[in-house]
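Protein chains in written order, with my numbering: chain S, 1 to 143; chain V, 144 to 578.
A couple of the hints might just be wrong.
[Claimed, not checked] Think about it this way: if two alpha-carbon atoms lie no more than 27 angstroms apart in a straight line, the pair counts; the simulated DSS-like pairs of lysine-lysine are:
id, chain 1, residue 1, chain 2, residue 2
1, S, K13, V, K197
2, V, K397, V, K577
3, S, K13, V, K241
4, V, K241, V, K560
5, V, K309, V, K370
6, S, K2, V, K531
7, V, K531, V, K555
8, V, K166, V, K241
9, V, K555, V, K545
10, V, K542, V, K370
11, S, K13, V, K555
12, V, K241, V, K197
13, V, K538, S, K13
14, V, K531, V, K542
15, V, K531, V, K545
These aren't lab readings, by the way, just hints derived from the structure by calculation.
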Amino acid sequence: MKVEQISIFIENKSGRLAEVTRTIGEAGVNIRALSLADTSDFGILRLIVDQPGVAKSMLREHGFTVSMTDVVAVEVPDQPLGLFNLLNILDNCGVNVEYMYAFVERCSGSAVMIFRFDNTDEAIRCLHDQGVTILTGERIYSV
Amino acid sequence: MASYFNEEFETLPRPALEALQLKRLQQVLQRVYRNVPFYEESFDNAGISPDAIKSLADLQRLPFTTKQDMRDSYPYGLFAAPMEEIVRIHASSGTTGKPTVVGYTSRDISNWSDLMARSFVAAGAHRGDIIHNAYGYGLFTGGLGAHYGAERLGASVIPISGGNTKRQIMIMQDFGSTVLTCTPSYSLFMAEEARTEGIDFKNLKLRVGIFGAEPWSEAMRREIETKLNLDAIDIYGLSEIMGPGVAIECIEAKSGLHIWEDHFIPEIIDPESGEVLPEGTQGELVITTITKEGIPLIRYRTRDITSLTYAPCICGRTHARLTRMSGRSDDMLIIRGVNVFPSQIESILVRVEGVEPHYLLIVDREENLDTLEVQVEVGEELFSDEIKVLQSLAKRIEKEIKENLGVTSRVKLVEPKTIQRSEGKAKRVIDNRKW
Numbered sequence: 001m002k003v004e005q006i007s008i009f010i011e012n013k014s015g016r017l018a019e020v021t022r023t024i025g026e027a028g029v030n031i032r033a034l035s036l037a038d039t040s041d042f043g044i045l046r047l048i049v050d051q052p053g054v055a056k057s058m059l060r061e062h063g064f065t066v067s068m069t070d071v072v073a074v075e076v077p078d079q080p081l082g083l084f085n086l087l088n089i090l091d092n093c094g095v096n097v098e099y100m101y102a103f104v105e106r107c108s109g110s111a112v113m114i115f116r117f118d119n120t121d122e123a124i125r126c127l128h129d130q131g132v133t134i135l136t137g138e139r140i141y142s143v
Numbered sequence: 144m145a146s147y148f149n150e151e152f153e154t155l156p157r158p159a160l161e162a163l164q165l166k167r168l169q170q171v172l173q174r175v176y177r178n179v180p181f182y183e184e185s186f187d188n189a190g191i192s193p194d195a196i197k198s199l200a201d202l203q204r205l206p207f208t209t210k211q212d213m214r215d216s217y218p219y220g221l222f223a224a225p226m227e228e229i230v231r232i233h234a235s236s237g238t239t240g241k242p243t244v245v246g247y248t249s250r251d252i253s254n255w256s257d258l259m260a261r262s263f264v265a266a267g268a269h270r271g272d273i274i275h276n277a278y279g280y281g282l283f284t285g286g287l288g289a290h291y292g293a294e295r296l297g298a299s300v301i302p303i304s305g306g307n308t309k310r311q312i313m314i315m316q317d318f319g320s321t322v323l324t325c326t327p328s329y330s331l332f333m334a335e336e337a338r339t340e341g342i343d344f345k346n347l348k349l350r351v352g353i354f355g356a357e358p359w360s361e362a363m364r365r366e367i368e369t370k371l372n373l374d375a376i377d378i379y380g381l382s383e384i385m386g387p388g389v390a391i392e393c394i395e396a397k398s399g400l401h402i403w404e405d406h407f408i409p410e411i412i413d414p415e416s417g418e419v420l421p422e423g424t425q426g427e428l429v430i431t432t433i434t435k436e437g438i439p440l441i442r443y444r445t446r447d448i449t450s451l452t453y454a455p456c457i458c459g460r461t462h463a464r465l466t467r468m469s470g471r472s473d474d475m476l477i478i479r480g481v482n483v484f485p486s487q488i489e490s491i492l493v494r495v496e497g498v499e500p501h502y503l504l505i506v507d508r509e510e511n512l513d514t515l516e517v518q519v520e521v522g523e524e525l526f527s528d529e530i531k532v533l534q535s536l537a538k539r540i541e542k543e544i545k546e547n548l549g550v551t552s553r554v555k556l557v558e559p560k561t562i563q564r565s566e567g568k569a570k571r572v573i574d575n576r577k578w
């Protein structure tokens, strides 16, 4: 039920983001979703790609600092209060969201959000109990 | 007409001064040979006995003492007096996190006070002056050294120590400070602070500033003199030798720092070969203390680069003059008056869990204050996908550096391999300051 996300350390200087995308792109890896968190000195690029293993080894080979993180892809009804209802469920379960970002494409008529939780397993259990659709890695990588 | 604190000794004709030096040198050699195992061994290894030193020129035959020797003897190994006679202990930072420790007998403190009082007078201070002492008080010799000298002189000393600049300025204004003692960079920082507060130094009573503990330049002197409206005087000292007051410029000439030769014998050597260089040639300053009891040092390598002149000075003092220090012969950095060795930063990085010591120090000067940036490469073992984790890592390193070395730094996390690797000695420091 978890999705592998690649996190990459990037210094705030020109060309680094381009270098990451070139490195994985030339290896035939396609980006599914991404988020960039930044500070004045550095940023963390988080990627969901179709071939996480390939992307990881290519980036390492090119000297990037990379880590794999388990995140959860959740279907969110594409309507007002859709995201609120989902967050409310999580809040009631006592799970915190470390960060989240939206998936580019829709999946069976719903929006898709990527979540990083402080307690991933608890979050999955809680969402599952409430009948929320969680997308598998295979599903996400092949969207 | 110049004024003196101790006219007899400050203007002693050179033959008499040199005779006094030789007598004191012979005494101190006997003392360290007898009381300090390090010197007994080092003289024996060099095959020279203290009795063989018959002239000042013979001093060259003795081995050097280095900062490493002091570290190896940590904390009290080089003391030549029993602890019962040591009344004060000071320390300066060392490369391995262990400080360099010095001990003073009450006679040492008295001599230091005298020499610092002489230095104040040479700089143009006198009884009745209100001395605003913004050197740090504590293990660092600056604060207490200047303080005791000011009291010995009979001036009124304000022991304000460093920091809290707004209050410093208020006190200078309200108390009518006439003499300022601090690092040159801090004086300019004060000037900026005063300007933003709308205070003009021309309206203060400051007349003389005595600045030391870090290298500075003639250009900086002009800037300080203009902005603070005072005579800026260069003072030199190091805790291993005594503290502030080893040498000072006279206000009459402002050209070279008189080193108090009745207490210290200076030599200039080639830092590579160790050969003594002729008068006027630039090299590393080596000092032998000839009156100290607590921790006398024989031919101590200061690592400071300067030159020496015996030419008579218009102030009438007969003591030799050192030119302004122009650098260091090793990689020690002086940041806001604090000695910092790259290896100290390295050991802190190793200690902060997971940080591999690929780092680069960038020293610069912003708004007249030294700045230290520590670039640290982020490898996978310390990487996190969460910003807050990385930011707290940077904060932790900054805190460790502040607590251990006493300097404020800014840690910048960089990608692996962005710091240049070189064969052999890695380039660890980029110093962008202009002297």
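Would you check the hint for K13 (chain S) and K555 (chain V), treating anything up to 27 angstroms between C-alpha atoms as holding?
-> Between K13 (chain S) and K555 (chain V) the Cα gap is close to 13 angstroms, so the pair holds against 27 angstroms.
Mind checking the alpha carbons of K397 (chain V) and K577 (chain V) for me, to see if they're no more than 27 angstroms apart?
-> holds (21 angstroms)
Hinted pair K241 (chain V) and K197 (chain V), Cα distance within 27 angstroms | Not OK: K241 (chain V) and K197 (chain V) at ~37 angstroms, beyond 27 angstroms, violated.
Within 27 angstroms, alpha carbon to alpha carbon, are K538 (chain V) and K13 (chain S)?
-> holds (21 angstroms)
Does the alpha-carbon distance linking K2 (chain S) and K531 (chain V) stay inside the 27 angstroms limit?
-> holds (23 angstroms)
Holds or violated: K13 (chain S) with K197 (chain V), Cα cutoff 27 angstroms?
-> Roughly 66 angstroms separates the two Cα atoms, so the pair is violated.
K542 (chain V) paired with K370 (chain V) [C-alpha distance capped at 27 angstroms] | Roughly 33 angstroms between the alpha carbons, so the hint for K542 (chain V) and K370 (chain V) is violated.
Is it true that the CA of K555 (chain V) sits at most 27 angstroms from the CA of K545 (chain V)?
-> Holds, at about 15 angstroms.
Taking only the CA atoms, is the gap from K309 (chain V) to K370 (chain V) under or equal to 27 angstroms?
-> OK: K309 (chain V) and K370 (chain V) at ~17 angstroms, within 27 angstroms.
Does K166 (chain V) pair with K241 (chain V) here, judged by a C-alpha cut-off of 27 angstroms?
-> Given pair K166 (chain V), K241 (chain V) is violated - Cα atoms ~35 angstroms apart, limit 27 angstroms.
CA of K531 (chain V) to CA of K542 (chain V), is that 27 angstroms or under?
-> Distance of about 16 angstroms is within 27 angstroms: holds.
CA of K241 (chain V) to CA of K560 (chain V), is that 27 angstroms or under?
-> violated (31 angstroms)
Hints 1, 3, 4, 8, 10 and 12 from the earlier list are contradicted by this structure; the remaining hints agree with it.
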